[in-house]
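These protein sequence lines are chains P and R, in that order. Just so we're aligned, residue 1 is where the first sequence starts under our numbering, counting upward by one. Just so we're aligned, residue 1 is where the second sequence starts under our numbering, counting upward by one.
Fair warning: there could be bad hints in the mix.
The calculated DSS-like cross-link candidates involving lysine-lysine, where the alpha carbons are at most 27 Å apart (straight line), are [as the list claims (entries may be wrong)]:
1. R/K113 with P/K24
2. R/K182 with R/K224
3. R/K90 with P/K24
4. R/K113 with P/K75
5. R/K169 with R/K113
6. P/K24 with R/K66
7. R/K204 with R/K66
8. P/K24 with R/K204
Beyond 12 Å from chain R on every Cβ pair, some chain P residues (computed) [claimed, not checked]:
9. V2
10. D4
11. G84
If you're looking for bench data, these hints aren't it; they were derived computationally from the structure. All values derive from a computational prediction rather than experimental measurement. Cβ coordinates follow ideal geometry from the N, Cα and C atoms, glycine included.
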Amino acid sequence: MVSDELILARIADVIEEYNRVAGKSIRCTSISMGDHFCDDLGGYSMDLIEMILALEDAFNVTISEEDFVEADPWKLGNLVHYIGSRAAEAQVG
Amino acid sequence: MAKARLRDQPIQPPIDTGGPFSAWIEVVRRLLVAPEQTTYYLMVRMTSPFERDSIVERAYEQYRRKNDLPSIDGIAATIFPRSFYLFSCKGDRRALYERYPAYRTRAARFFGKATAFSYFDRLTRWRPRGTPAPVNQLESFIERMRRHKTKRTAWFYYPTIDPSRDLGKIMGGPCLSAIDLKYETDANALSLFAAYRDHDFAEKALGNYVGLTYLLEFLCEHTKTEAGVVMCISTRARIEGGFGADLRRVVSAVDTAGTRSSK
Numbered sequence: 001m002v003s004d005e006l007i008l009a010r011i012a013d014v015i016e017e018y019n020r021v022a023g024k025s026i027r028c029t030s031i032s033m034g035d036h037f038c039d040d041l042g043g044y045s046m047d048l049i050e051m052i053l054a055l056e057d058a059f060n061v062t063i064s065e066e067d068f069v070e071a072d073p074w075k076l077g078n079l080v081h082y083i084g085s086r087a088a089e090a091q092v093g
Numbered sequence: 001m002a003k004a005r006l007r008d009q010p011i012q013p014p015i016d017t018g019g020p021f022s023a024w025i026e027v028v029r030r031l032l033v034a035p036e037q038t039t040y041y042l043m044v045r046m047t048s049p050f051e052r053d054s055i056v057e058r059a060y061e062q063y064r065r066k067n068d069l070p071s072i073d074g075i076a077a078t079i080f081p082r083s084f085y086l087f088s089c090k091g092d093r094r095a096l097y098e099r100y101p102a103y104r105t106r107a108a109r110f111f112g113k114a115t116a117f118s119y120f121d122r123l124t125r126w127r128p129r130g131t132p133a134p135v136n137q138l139e140s141f142i143e144r145m146r147r148h149k150t151k152r153t154a155w156f157y158y159p160t161i162d163p164s165r166d167l168g169k170i171m172g173g174p175c176l177s178a179i180d181l182k183y184e185t186d187a188n189a190l191s192l193f194a195a196y197r198d199h200d201f202a203e204k205a206l207g208n209y210v211g212l213t214y215l216l217e218f219l220c221e222h223t224k225t226e227a228g229v230v231m232c233i234s235t236r237a238r239i240e241g242g243f244g245a246d247l248r249r250v251v252s253a254v255d256t257a258g259t260r261s262s263k
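Looking at chain P on its own, in the form it has when it is part of the complex (with noise of 0.2 Å):
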């Protein structure tokens, strides 16, 4: 099982490696659940696609298009638990 809280880390680290190789500025430290991706961080829908490609190398996971409209993934505690339900069932798989 992954932790909230590893999840989130691993969220904070993969920002924080685009905003170097990218040249971005989404804010990547002191984040949490509560965070909205646009609001609070300042990253954009095309920021948010490649937080996703990344994170399912990360975690290994593969996510569902459709899943990801349904979760508004926008807010990071809907990312972290679809992350977590994700990496849950590859494991059990």
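Assemble the complex: chain P is given as a structure, and chain R must be docked to it using the hints.
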């Protein structure tokens, strides 16, 4: 309001400026006083294509958020998907070509949208109906430059409009018709020229300008050339969608901030 009749309009003097942000704000200034906020055959040159202007960027961002418009990089990515190239593809252009089609489809689906055409797709997988295989126009350019660039000045022209698909469209066809690349041997400089048949400066043009500079940056990297200029002709430039009042506020905010910073 005066009609924007072509024959009644004087030919527009070109706008000569630094980067995409200053280019955009100068065009907006001109459109705000033009009949029907529309003008024709507008030529813009950016002599420092990678220059950013934080004052214009901030003012644009406020305007964009207020009106829920697409992000600059979201629009720019239709010309060159810079973040995907640098981050997911780790700056590997072969990976970019290979992974882009699936990425584009997924990116649209992630937000519940249909996949629209993209200029980058047409530049890297040019395939009019009936042709046997797609042509990667950008890679063809890079390869030719790598083989021949030291020998002579060179010029290239790559279409993004596809008559086999676009001729019948009344609405929704490509606004960017082609890009043209010029290489100057003595300066080892590569310049990019873009032709827009219809250019919306309320929602798209700033992202378009930025996308063109991203594309030039990529081409310079892989042909080991310096950036020359980005030039753009908008055969029709306009402020669409009733955004004139908000854009006046953007211009005013830029002028006020510029006055403050110069004091």
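Status of each hint after checking the structure:
1. R/K113 with P/K24: holds (25 Å)
2. R/K182 with R/K224: Distance of about 14 Å is within 27 Å: holds.
3. R/K90 with P/K24: Status holds; Cα separation ~15 Å.
4. R/K113 with P/K75: holds (20 Å)
5. R/K169 with R/K113: Holds, because 20 Å separates the two Cα atoms, which is no more than 27 Å.
6. P/K24 with R/K66: At roughly 22 Å apart (the allowed maximum being 27 Å), R/K66 and P/K24 satisfy the hint.
7. R/K204 with R/K66: The hint holds at about 15 Å.
8. P/K24 with R/K204: Answer holds: P/K24 to R/K204 is near 21 Å, not above 27 Å.
9. V2: Consistent with the label, P/V2 stays out of reach of chain R, its closest Cβ about 22 Å off (over 12 Å).
10. D4: holds (22 Å)
11. G84: holds (19 Å)
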